[in-house]
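Participant: So the chains spell out like this:
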Amino acid sequence: MTAVERIKEQLASNPVLLYMKGTPDFPQCGFSAQTVGALRACKAKFAHINIFEDPEVREALKSYSNWPTFPQLYVNGELVGGCDIAVEMYQSGELKQLLAEVGAVA
Amino acid sequence: MNKPSRTEKIRSRLEVEFNPTALEIEDESHHHAGHAGAAGGMGHFRVRIVSNDFKGLSAVSRHRRVYAALAELLKTDVHALTIDARAPGDLSG
Numbered sequence: 001m002t003a004v005e006r007i008k009e010q011l012a013s014n015p016v017l018l019y020m021k022g023t024p025d026f027p028q029c030g031f032s033a034q035t036v037g038a039l040r041a042c043k044a045k046f047a048h049i050n051i052f053e054d055p056e057v058r059e060a061l062k063s064y065s066n067w068p069t070f071p072q073l074y075v076n077g078e079l080v081g082g083c084d085i086a087v088e089m090y091q092s093g094e095l096k097q098l099l100a101e102v103g104a105v106a
Numbered sequence: 001m002n003k004p005s006r007t008e009k010i011r012s013r014l015e016v017e018f019n020p021t022a023l024e025i026e027d028e029s030h031h032h033a034g035h036a037g038a039a040g041g042m043g044h045f046r047v048r049i050v051s052n053d054f055k056g057l058s059a060v061s062r063h064r065r066v067y068a069a070l071a072e073l074l075k076t077d078v079h080a081l082t083i084d085a086r087a088p089g090d091l092s093g
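Residue numbers (our numbering), protein chains in the order written: chain A, 1 to 106; chain B, 1 to 93.
Be careful, since some hints might not be right.
Some chain A residues close to chain B (C-beta under 10 angstroms, calculated; not the full set) [stated by the list, open to error]:
(1) 67
(2) 69
(3) 78
(4) 79
(5) 81
(6) 83
(7) 85
(8) 88
Computed list of lysine to aspartate or glutamate pairs in EDC-like fashion (alpha-carbon distance at most 20 angstroms, straight line) [claimed, not checked]:
(9) A/21 x A/54
(10) B/75 x A/56
(11) B/55 x A/88
(12) B/3 x B/15
(13) B/75 x A/88
(14) A/62 x B/72
(15) A/62 x B/77
(16) A/21 x A/53
(17) B/55 x B/90
(18) B/3 x B/77
Selected chain B positions facing chain A (Cβ under 7 angstroms, derived; list incomplete) [unchecked claim]:
(19) 60
(20) 74
(21) 83
Bear in mind the hints are in silico, worked out from the structure with no lab data behind them.
Quick reminder that beta carbons are idealized off the backbone N, C-alpha and C, glycines included.
Isolated chain B, as found in the complex:
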């Protein structure tokens, strides 16, 4: 019992890596039940993150940073991520 949920594992990785000023994680796995990728028990998650670390980076670079931070979880817990990563003050991710 009290094993950290997948959402908590994602949250703690992103907090350590990016020191975000805003962070929301939603488990959307239920939207995808029955789909091939959900079969192995790995989840779909939506991440919204705002951090100074993303300042000046292209969208591809910001997403790569998030994927890199979660690389281990992508092997075991996470099948798909929807990412919205931006720097404070950016209007679009």
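This is chain A alone, in the form it adopts within the complex:
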């Protein structure tokens, strides 16, 4: 599978997906850590991809999503945003609402 095919499959099979540096328990970047924190504060059920484990996906995702940095949070295959947007949506309550709409709140 090409990197773009992998991305499409990952997005199709995970309603809430975070492309991040490291893992939720061991994030390797402060922005990824903050985004995980916002999701966990919402009691979100989410999948993650550690982009350090797939450099091809890391590069392909930047052009696929027209977004040059990580983390990238997707809900139902749509880019929600990076850390700034996710944290702001958490603070305003929009993130929890969006996650609840897709049944991703524990």
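With chain A fixed as given, assemble chain B onto it according to the hints.
Facilitator: Chain B alone, transformed into the frame defined by chain A:
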């Protein structure tokens, strides 16, 4: 000497692109010294920008516009950006 700083390069790009009514750029690279992304000498910056160009755009679209304006610098000088982009009168970015 007198080479434009990275902050000045970001500022001039954003001024040309968005004609902002308010613009603040902070170099936060020192917060991240020692972190893998800082190793190549590329910086972390915080940008707060208010421009009429952002009126009616979603947060994702506003951030994409800022990233696009700084695309060249993202390859050479900028490792990470914290963005707060809004239109005049918007309460949240």
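Participant: Against each hint, give a clear statement of whether it holds in the structure.
Facilitator: Evaluation of the provided hints:
1. A least Cβ separation of about 7 angstroms between residue 67 of chain A and chain B falls short of the 10 angstroms threshold, and the interface hint therefore holds.
2. Nearest Cβ of chain B to the Cβ of residue 69 of chain A: about 6 angstroms, under the 10 angstroms cut. The hint holds.
3. Residue-level restraint check for residue 78 of chain A holds (minimum Cβ-Cβ distance to chain B is 9 angstroms; threshold 10 angstroms).
4. Because the smallest distance between the Cβ of residue 79 of chain A and any Cβ of chain B comes to about 6 angstroms, under 10 angstroms, the interface hint for this residue holds.
5. Look at residue 81 of chain A: its Cβ gets to within about 5 angstroms of chain B, closer than 10 angstroms, so that hint holds up.
6. Taking 10 angstroms as the C-beta contact cut-off toward chain B, the hint placing residue 83 of chain A at the interface holds, the least distance being around 8 angstroms.
7. Nearest Cβ of chain B to the Cβ of residue 85 of chain A: about 5 angstroms, under the 10 angstroms cut. The hint holds.
8. Taking 10 angstroms as the C-beta cut-off, the interface hint given for residue 88 of chain A holds, the closest approach to chain B being about 6 angstroms.
9. Taken as a hint, the residue 21 of chain A and residue 54 of chain A pair is honoured in the structure, with Cα atoms around 11 angstroms apart against an allowance of 20 angstroms.
10. Using a Cα cut-off of 20 angstroms, the hinted pair residue 75 of chain B and residue 56 of chain A holds, with the two alpha carbons roughly 17 angstroms apart.
11. Straight-line distance between C-alpha atoms of residue 55 of chain B and residue 88 of chain A comes to about 18 angstroms, which keeps the hinted pair within the 20 angstroms bound.
12. Only pairs whose Cα atoms come within 20 angstroms are accepted, and residue 3 of chain B paired with residue 15 of chain B is accepted, the gap being roughly 18 angstroms.
13. This hinted pair does not check out: residue 75 of chain B and residue 88 of chain A have alpha carbons roughly 26 angstroms apart, beyond 20 angstroms.
14. Restraint check: the Cα-Cα separation between residue 62 of chain A and residue 72 of chain B comes to about 14 angstroms, which is no more than 20 angstroms; the hinted pair holds.
15. In summary, the hint linking residue 62 of chain A to residue 77 of chain B is supported, as the alpha carbons are separated by about 18 angstroms, within the 20 angstroms threshold.
16. With a CA separation close to 9 angstroms, the supplied pair residue 21 of chain A and residue 53 of chain A stays within the 20 angstroms bound.
17. The hinted pair formed by residue 55 of chain B and residue 90 of chain B meets the criterion: a straight-line CA distance of about 9 angstroms does not exceed 20 angstroms.
18. Of the pairs offered as hints, the one joining residue 3 of chain B and residue 77 of chain B holds, with about 13 angstroms between alpha carbons and a cut-off of 20 angstroms not exceeded.
19. Annotation: interface hint on residue 60 of chain B holds; nearest CB of chain A at approximately 5 angstroms, less than 7 angstroms.
20. Evaluation of the residue 74 of chain B hint against chain A yields a held restraint, the C-beta minimum of about 5 angstroms falling below 7 angstroms.
21. Because the beta carbon of residue 83 of chain B sits about 6 angstroms from the nearest beta carbon in chain A, less than 7 angstroms, this interface hint is met.
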